[in-house]
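> Construct the complete structure from the given sequences, taking the supplied hints into account.
There are 2 protein chains.
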Amino acid sequence: MGAVKAKRMPRAVREQQMLDAAVRTFGRRGYMAASMDEIAELAGVSKPLVYLYLNSKEDLFTACIRREARALTDAVRAAVLPGLPADRQLWAGLRAFFTHTAQNPDGWAILHLQARTHGEPFAAEVAALREEMVAFVTRLIADAAREAHRDPDLPEAEVAGLAEALVGAAESLADWANATPGVTARQAAATLMNFAWAGLGDLMEGRPWTPPADAEG
Amino acid sequence: MGAVKAKRMPRAVREQQMLDAAVRTFGRRGYMAASMDEIAELAGVSKPLVYLYLNSKEDLFTACIRREARALTDAVRAAVLPGLPADRQLWAGLRAFFTHTAQNPDGWAILHLQARTHGEPFAAEVAALREEMVAFVTRLIADAAREAHRDPDLPEAEVAGLAEALVGAAESLADWANATPGVTARQAAATLMNFAWAGLGDLMEGRPWTPPADAEG
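Here the protein sequences line up with chains A and B, keeping their order.
Just so it is clear: in the first sequence, position 107 is 107 by the numbering used here, and no numbers are missing.
Just so it is clear: in the second sequence, position 83 is 83 by the numbering used here, and no numbers are missing.
Hints should not be assumed to be uniformly reliable.
Negatives, chain A to chain B, calculated, CB over 12 angstroms [said to hold, decoys possible]:
| hint | residue |
| --- | --- |
| 1 | E41 |
| 2 | V45 |
| 3 | E58 |
| 4 | R77 |
| 5 | D106 |
| 6 | G182 |
Per label pair, the in silico range of CB-to-CB distance [claimed, not checked]:
| hint | chain 1 | residue 1 | chain 2 | residue 2 | range |
| --- | --- | --- | --- | --- | --- |
| 7 | A | D59 | B | G182 | 15 to 23 angstroms |
| 8 | B | Q103 | A | L84 | 36 to 44 angstroms |
| 9 | A | L42 | B | M32 | 28 to 36 angstroms |
| 10 | A | M32 | B | R66 | 17 to 25 angstroms |
| 11 | B | A135 | A | A128 | 31 to 39 angstroms |
| 12 | A | P82 | B | P181 | 27 to 35 angstroms |
Hints listed in this document are in silico derivations from the structure and should not be mistaken for laboratory results.
None of the values given here were measured: they were computed from a predicted structure.
Note that CB positions come from ideal geometry on N, CA and C, so glycine has one too.
Right, dumping it as structure tokens:
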């Protein structure tokens with residue numbers, strides 16, 4: 001009986017195979033065009049089994065979003081050691097982010113494009129991921145400000161704005177890196193680090209860019 | 001007869017009123033939830049007239065995307081004087097961008113959220129707008145590099161990456177500014193200018209952020 005059981009795959013393993021197939025299909029074809037037939041075939045199971053395990057196309061897509069969001073935040077979190085200086089933390093986080101999105105282009109397409117592209121229940125799922133990324137970056141910027149002893153000079157709204165800018169830049173660069181042959185994860189991370197940190201660094205040191213003091217300012 | 005004609009509104013004017021009503025309704029309710037009844041009522045015309053002028057809900061939404069994309073690029077273009085130094089051009093462009101998105105929150109919601117949220121024909125419309133914004137920023141960064149006499153040191157892929165980062169940051173900040181009470185267009189522009197320019201400025205001056213030279217680098 002043990003031998004027979006060993007041949008049967010545990011439900012959790014089967015489910016992950018279905019999700020692998022679904023992420024690949026949704027990520028490449030888009031949510032609307034992806035068919036449950038194709039997903040079942042790619043997973044090597046029958047379509048009724050997919051419905052039995054994951055209920056509906058909607059639920060399957062939601063499960064994909066959740067799994068991919070979790071994998072991305074876990075990868076970034078694991079890479080960042082809280083004891084390091086803020087710029088080192090950001091560098092580690094950016095490399096982990098771009099490495100993960102490069103290695104999982106279908107998962108990233110689901111999170112950043114497909115999930116937003118098909119209305120409310122899915123959009124709310126990715127909104128939670130985005131909030132987590134913004135909170136992570138907000139904490140890093142606050143750490144950096146503390147390191148530079150500039151807490152009182154950097155208002156909360158400014159920190160929040162900088163965090164939104166950095167997350168938006170990272171999302172945009174991940175799309176671009178995945179669509180542009182020859183751009184490595186390390187290059188994308190270095191480009192954003194240069195863009196963001198040299199700028200943030202100047203700001204922390206009290207060297208903001210100053211608008212021209214003329215009529216146009 | 002002249003008097004009778006004066007009372008009748010020219011088709012172009014009626015169409016703009018319909019588009020105003022449609023932008024407001026699509027921007028606030030979303031594409032799916034918005035009804036043609038509501039749009040017609042808000043425009044003060046009959047529903048058949050909306051269909052007569054703009055054909056279908058799909059075509060009406062496409063017309064909204066095109067008009068709002070054109071208005072946004074026109075506003076940015078008009079604000080930027082090509083003769084100015086690159087940082088002044090970027091500052092003028094960012095202020096125009098955030099002023100326009102703040103004054104037209106429904107139009108911005110259509111361009112950055114709704115149009116991406118409802119599939120291919122609409123997504124392709126906004127992709128053209130985005131390409132134009134990226135091209136504009138790419139030219140500015142190239143100008144800045146020329147001003148700093150660093151053309152040979154800044155590879156094309158790096159410039160393209162920086163432009164994608166800046167546009168992604170601007171999109172993200174516009175969403176945030178419109179959703180956050182008390183954040184003015186000027187503040188959003190200044191935050192991004194500080195984030196972007198001080199960073200780009202350092203880069204142009206040959207002071208990139210340098211990754212740590214340890215095992216983690």
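> Hints first: check each against the structure and report whether it holds.
How the hints compare with the structure:
1. Non-interface status of E41 (chain A) relative to chain B is upheld: no Cβ of that chain comes within 12 angstroms, the nearest being about 24 angstroms off.
2. Distance check on V45 (chain A): its Cβ is at least 28 angstroms (rounded) from any Cβ of chain B, clearing the 12 angstroms threshold; non-interface status holds.
3. The Cβ of E58 (chain A) lies farther than 12 angstroms from every Cβ of chain B, with a closest approach of about 15 angstroms, so its non-interface assignment holds.
4. Non-interface status of R77 (chain A) relative to chain B is upheld: no Cβ of that chain comes within 12 angstroms, the nearest being about 16 angstroms off.
5. For D106 (chain A), the non-interface assignment is confirmed: its Cβ lies about 18 angstroms from the closest Cβ of chain B, beyond the 12 angstroms cut-off.
6. Not every C-beta of chain B lies more than 12 angstroms from that of G182 (chain A), the closest at about 7 angstroms, which undercuts listing it as non-interface.
7. Separation of D59 (chain A) from G182 (chain B) is about 40 angstroms and departs from the stated range, judged on CB atoms against 15 to 23 angstroms.
8. Q103 (chain B) and L84 (chain A) have their C-beta atoms about 43 angstroms apart, which keeps the hinted 36 to 44 angstroms range intact.
9. The supplied range of 28 to 36 angstroms is met by L42 (chain A) and M32 (chain B), whose beta-carbon atoms lie about 29 angstroms from each other.
10. Our hint of 17 to 25 angstroms for M32 (chain A) and R66 (chain B) holds, since their Cβ atoms are close to 23 angstroms apart.
11. For the pair A135 (chain B) and A128 (chain A), the beta carbons lie near 34 angstroms from each other, so the given range of 31 to 39 angstroms is met.
12. Hint check: P82 (chain A) to P181 (chain B), Cβ distance near 32 angstroms, so the stated range 27 to 35 angstroms holds.
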